[in-house]
Each structure stands twice: as C-alpha cells, then as structure tokens.
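Taken in sequence, the protein lines are chains A and B. For the first sequence, position 226 matches number 226 in the working numbering, and the numbering has no gaps at all. For the second sequence, position 92 matches number 92 in the working numbering, and the numbering has no gaps at all.
Rather than coming from a laboratory, the hints here were simulated on the basis of the structure. Hints are not guaranteed to be accurate.
What the hints assert, rightly or not - Simulated crosslink set (BS3-like; lysine-lysine; CA at most 27 angstroms straight-line):
id, chain 1, residue 1, chain 2, residue 2
1, B, K105, B, K154
2, B, K244, B, K348
3, A, K212, B, K104
4, A, K212, B, K105
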Amino acid sequence: MPDGLQFRHKKSDYPFLLPAVIIVAVMTQVPFLMTLIFSFIRWNLSRPDMARVFYGLRNYTYFLRIRSLSELHQFYGVFFQTVVITLMTLLFCSILGFLLAILFDHQVPGVNIARTLILGPFFVMSTASGVIWKTTILNTTFGWYGVIAKALGMTPVDLISYYPKATVIALFTWQWLPFFFLVILAGLQGIDKDLVDCARIDGANWWQTTFKIKLPLIVNHLQVAIMLGLVFVIKEFGLILTTTAGGPGTRSYTLPYYVYMEIFSASNVGRAGALATMTVLLTLVLVNLIYRSIQRRNAQYR
Amino acid sequence: MSKVELKNISKVFPDGVRAVDNVTITIENEEFVVLVGPSGCGKSTTLRMVAGLEDISSGELLIDGELMNYREPRDRNIAMVFQNYALYPHMTVYENMAFGLKIKKIPMEEIDRRVKEAARILDIEQYLERRPKALSGGQRQRVAVGRAIVRQPKVFLFDEPLSNLDAKLRVQMRAEIIALHKRLAATIVYVTHDQVEAMTMGDKIVVMKDGLVQQIGAPLHVYHNPANRFVAGFIGSPPINFIKCRLEDRGGSLYAGNIRVADGHAGALRTAVGREIEVGIRPEDFTIAIDGDSGEMSGTVAMIEPLGGENNLHIDADDTGIRFIASLGADESGFLHLGRKARLGIKKNHLKYFDAETGRAFLTE
Ligand SMILES: Nc1ncnc2c1ncn2[C@@H]1O[C@H](COP(=O)(O)OP(=O)(O)O)[C@@H](O)[C@H]1O
Ligand SMILES: [Mg+2]
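Construct the entire structure; sequences and hints are all you get.
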C-alpha cells in the first residue's frame with residue numbers, strides 16, 4: 001500500500017527537518033519567550049542587592065493598577081498616545097497612499113521613475129531620517145523650515161516641542177506612505193480594465209469611478225497594508241528617539257519608547273518585559289480585528 | 001430608430017499599430033450585425049470606438065445621423081457586454097444592474113421596475129441579492145446582458161460574450177440572444193472570432209482581417225459568394241478545400257486542372273486563362289461518383305469523422321497528394337472505410353475560383 005510507504009517516508013524525513021525547525025524556533029520564538037519570562041520576574045539592574053525572584057503579575061499590576069481615576073499611572077497615557085499615533089499614521093497613510101496611487105496609476109512617460117523615487121523614504125533608516133528631519137529641516141534656526149518661515153516674516157515655532165505628537169505622526173506618515181502607496185498601486189493595477197470601461201459606459205465620473213468602483217476593489221490591499229503597517233508603526237522607535245526623544249516630558253512617548261526608557265533609564269528589566277508583552281498583545285488584538293474583517297469581505301465577493 | 005454608420009474609420013495606436021483600417025459599415029435600425037475575424041484583426045477595437053472607449057483616429061461615427069466621434073461613452077446611448085462579464089464584484093446583481101441608472105439619476109421606482117423586468121426576461125430573479133462570485137458563468141453572462149438591457153440603449157454592443165462559456169451553454173445563450181434581439185427589436189453589433197456564431201446569429205456579417213473589412217453581407221450570401229480566398233477559408237466548417245492549378249482553355253472549354261469549369265462560370269473566368277488560380281470546393285459540394293462516371297477526384301480515405309447524419313471524410317488525393325475534406329451523407333458514404341479508394345464527383349456550379357496571386361474571387365454577384 002502506498003500508505004505504508006508514505007508513512008516510512010515521512011518518519012525518515014523528520015531528523016532532517018529538525019535543524020531548520022530549531023533554528024526557526026530559536027530565531028522567532030526565543031526572544032519573545034524570554035521577554036515573557038522576564039515580565040514575571042522582579043529584576044532591577046540598579047538594585048543588585050534585591051534577588052531576582054518570581055514576581056507573579058506584579059510587574060503588570062504596577063502599570064495597570066488603578067488607585068483612583070484622577071491619578072492614573074502614566075502607562076495609560078502612553079498606551080492611549082500609542083494608539084492615537086499609530087491609528088492616525090495608518091489613517092493618513094491610507095488616505096494619502098490611495099490618492100497618490102490613483103494619481104500614479106497611469107501610463108505616462110516617466111511614471112516608473114516617479115514611482116521609484118516615491119519609495120525613497122521607505123529605504124532610509126528611520127534613525128537617519130529622524131536626525132535629518134530634526135536638524136536639517138525642522139530646526140527653527142538652521143533648518144529649511146526656520147529659514148523659510150523667517151523669510152516669510154513669521155516666527156517659526158519649534159514644532160518638535162510644541163506639537164510633538166503631530167510631528168511624530170507626520171514623520172511616521174512620511175516614512176510609511178511609500179509602503180501604502182506601493183501596495184495600493186499594485187491593487188489598482190490589478191483591477192480589470194473592463195470594469196473601469198464599464199463604469200465609463202455607465203456614466204460614472206472620476207469621483208464615482210474612484211470611490212465607488214476602485215476603492216471597494218482595493219480595500220483588501222488597503223487592509224493588508226494597514227495590517228502590516230500596524231505591526232511596524234506600533235513598534236517604530238528610531239524616529240522618536242532621534243527627534244522628540246519622547247518629549248517634552250512624556251508627551252510623545254509610545255510603548256516601545258517606554259520599554260526602552262524602563263530598561264535604560266529605570267533599569268527595570270521585569271517591568272520592561274511586562275510593557276513589551278502588553279505591546280505585543282495590543283498589536284495582536286488589532287491585527288486580529290483587521291484580519292477578521294478581511295476574511296469576512298473575502299467570503300463575500302472574492 | 002437607431003442606425004449606426006461607420007465611415008472610413010481607422011485606428012492607429014500610439015505605438016504605430018494600425019489596428020483598424022478605413023472601415024465603413026452601416027448598421028441599420030434593428031439589425032443584428034456580427035463582426036467576425038481571427039484574433040487580433042481589430043474587431044474589439046472597432047467596437048470600442050463605437051462605444052467611445054477608444055478615440056477614433058480618423059473617419060466618422062454617426063448614430064442616427066449625429067456625429068459621435070467626440071461624445072463621451074455615456075452620451076452615446078449604447079450598452080456594452082464584455083467577454084469576461086465585467087460585473088462589479090462588490091455589488092449585488094441588483095446593484096450591478098442599477099448602478100448606471102442611479103448615476104443617470106433615474107427615479108428609484110423606475111430603476112426598480114426596469115431591473116425586475118430585465119431579471120424576469122433573463123430568468124435571474126432569484127439571484128438579485130447575490131454577488132457575482134456566487135453565480136455560474138452562464139448566470140453572470142445573463143446579468144451582464146441584463147445590465148445592458150436596463151439602460152434601454154439605442155445600440156447593444158457585444159464583445160465575444162460567449163467565449164468563456166462551455167459549448168452547451170454557448171449554444172443556449174446564442175439562442176437566447178437571438179430571441180432577445182427579436183423581443184427588444186434592438187440594434188446589435190456583435191463581435192466574435194467564431195464563424196459558426198457569426199453565421200447563426202447575424203442578419204449581416206462583416207468579415208475582417210488585419211484591420212481591413214474583407215466582406216459585408218448576409219451570412220449565407222457570404223458563404224456562397226466569398227469575396228476572396230480568406231473569406232472562403234474563414235467561413236464554413238469543416239473548412240473549404242483549395243486546389244491550386246492552372247486555368248487552361250482546351251478546345252473552347254475551360255479547365256482548372258482536371259476540373260471542367262461550369263459553363264455559367266466560364267465567362268467570368270475567361271480573362272484568367274493561362275494564370276495560376278485556386279479552386280475552392282466546399283466539403284458538401286462533393287458527391288459520390290456513380291458507376292461508369294470516372295469522377296473528378298479520387299483518393300484514399302485517411303480519416304473519418306462520423307457525425308451521425310453525415311461523415312466528414314479526410315481524403316488524400318491521388319494526383320496531387322493534397323488532403324481534402326468531403327462531407328457526405330452517412331448512408332451513401334457508409335461503404336468508404338479507412339484506406340479505401342474513393343471516387344468523388346463535384347457540384348461544379350458551386351465551385352469558387354480565386355486569383356492565386358491576389359486571392360480575389362473571380363465570380364462576384
Ligand atoms: N491599446 C493598444 N495599444 C496598442 N495596440 C493595440 C491596443 N489594443 C489593441 N491593439 C492591437 O490592435 C490589433 C487589434 O486588436 P483587437 O481589436 O483587440 O483585435 P480582436 O478583438 O479582433 O482580437 C492587435 O494587433 C492588437 O495587438
Ligand atoms: Mg477582441
């Protein structure tokens with residue numbers, strides 16, 4: 001019987017797979033597992049006198065415990081800020097990415113070069129672009145922003161300290177827009193040309209064709225972009241570190257930056273682990289929501 | 001009333017391809033015209049120019065005498081059915097049909113009435129709330145036709161609407177579209193590469209090749225009087241047989257190779273004496289040679305396609321070795337088994353003669 005043959009075949013395959021399985025497991029799962037373990041341990045680097053002991057959920061409750069509604073732990077503020085910054089970034093990326101992709105979904109000379117140039121921000125390291133934005137562009141004295149504002153007779157306000165969240169959102173959007181553009185453009189180019197022709201015969205104008213035909217047809221692409229973008233934006237760290245450094249105060253803290261500060265400033269590995277774990281949970285919950293809505297739509301008309 | 005006139009219409013694409021070359025066609029009111037030709041001959045481009053989806057490079061397009069060249073598709077009062085249905089996948093069947101009407105700001109009750117009416121005609125009433133994904137190919141095709149009907153256009157344009165359907169469904173939809181044409185008294189321009197479709201559906205067929213119109217006429221007229229070698233070869237299944245030979249005058253009678261030219265044809269052919277010509281013999285224009293008659297063609301049966309009522313015999317000619325196809329009644333040709341010698345007569349009055357060089361037919365009516 002071929003069955004027996006297959007069985008023997010499979011059995012002898014396993015040992016050869018093992019190295020790959022181990023490598024993948026170590027590479028992908030071990031760092032997270034370590035984080036998880038740390039989050040249950042009392043471990044303060046600046047207090048070597050205190051033993052590293054199992055600490056239950058106390059690292060979590062330190063952040064989550066609500067003593068009174070008027071003085072919530074700053075974790076809640078940072079959590080809220082992270083959600084706002086991430087969602088606003090994804091929102092702007094979606095809207096601008098869609099409009100930009102619509103704009104570039106034409107076969108005109110030079111369009112391929114333009115498309116490639118648009119991808120620029122995506123390829124620059126976020127720390128590098130953060131430094132450039134902070135010093136070369138947004139600086140009120142030497143930056144283009146300052147120079148131009150002064151030339152126009154205005155007094156430039158320091159955006160980084162007055163509008164830290166908006167600045168961070170703008171920079172995140174700048175960095176991730178190309179990714180959205182690329183995915184949405186791929187979606188637009190995959191639309192059956194006959195559908196667009198059909199809409200023309202039906203009398204649809206640009207607005208109707210764009211928002212009633214094209215947009216619904218690329219919603220899946222958009223959702224995939226949002227899902228992937230979410231995973232990356234939520235843990236974006238370099239841009240914050242090099243521009244606002246979470247400041248002023250904690251006004252542009254996000255969870256990853258909080259984790260970083262908890263380790264390198266507060267030296268508390270256990271609490272950092274708890275924060276990191278909660279960030280991952282937040283990401284998983286959001287990704288899951290989007291994924292389900294994609295599944296629902298697919299069941300409907302793909 | 002809706003009469004469509006294409007006057008010397010050409011299409012040159014930006015890359016220099018002349019896809020449609022000086023095409024002149026008149027489509028009368030309520031006429032079913034089929035554009036037919038091999039793939040890439042410019043049928044779709046012609047149709048798309050009528051629809052307004054492609055600019056017309058030169059020439060004039062008139063609908064009911066009005067110049068349409070610069071009108072937007074929506075202002076031409078046409079409806080188009082695409083090969084791959086082109087249904088909006090995110091809309092239900094109802095929404096698909098209603099979309100164009102909503103844009104035209106037609107009152108909701110009127111839209112509802114039209115959609116339901118079309119759905120009834122096409123027997124898709126029970127699917128109105130489904131999305132295209134949940135429909136079979138045939139049902140999708142009906143929805144696409146329904147979407148055209150509700151627009152109540154002056155002209156229906158079909159671009160190979162049946163190519164994606166299986167053979168049985170194709171025959172059925174063919175009949176339905178013909179019935180629909182009668183019922184709506186519609187003017188239809190229908191594109192296909194399938195000559196059987198063209199023959200069975202069209203009031204008038206336009207045979208195209210390389211962007212040029214080869215012949216325009218009623219299907220049977222074109223079948224019996226092809227304007228050139230290409231049309232003769234393209235229309236008809238199994239295809240016409242060609243025999244290349246020299247036209248000779250033997251003592252007052254014209255001979256094409258061994259075949260004596262019918263007296264009725266001799267007049268038109270006399271100018272071509274001494275030239276290379278091609279004789280076209282339709283498969284059904286062969287007869288079994290009766291005893292005593294030597295027959296015009298003889299050969300060995302190489303293959304038999306029994307179709308029930310008749311047999312298509314593939315025969316290798318003795319003199320030239322050319323394989324030709326004869327379509328003979330099953331009863332009379334039953335004795336012709338594989339490998340047997342067959343002696344066949346030819347209905348000489350039905351033969352077609354073409355200039356070997358230009359392909360033009362000598363006999364024209
Ligand atoms: N957008 C286009 N740009 C350049 N050439 C085209 C374009 N569309 C069609 N063609 C060319 O025009 C010719 C006719 O095409 P088409 O009308 O689609 O043929 P058919 O429908 O008869 O198969 C083909 O040679 C095709 O390659
Ligand atoms: Mg075509």
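Is the Cα-Cα distance between K212/A and K105/B 27 angstroms or less?
Status holds; Cα separation ~16 angstroms.
Under the criterion that the straight-line Cα-Cα distance not exceed 27 angstroms, is the pair K105/B, K154/B satisfied?
19 angstroms, holds
Does K348/B sit within 27 angstroms of K244/B, going by the straight-line distance between their CA atoms?
16 angstroms, holds
For the pair we were handed, K212/A and K104/B, check the Cα-Cα distance against 27 angstroms.
15 angstroms, holds
Violation of the numbered hints given earlier is absent; every hint is satisfied by the structure.
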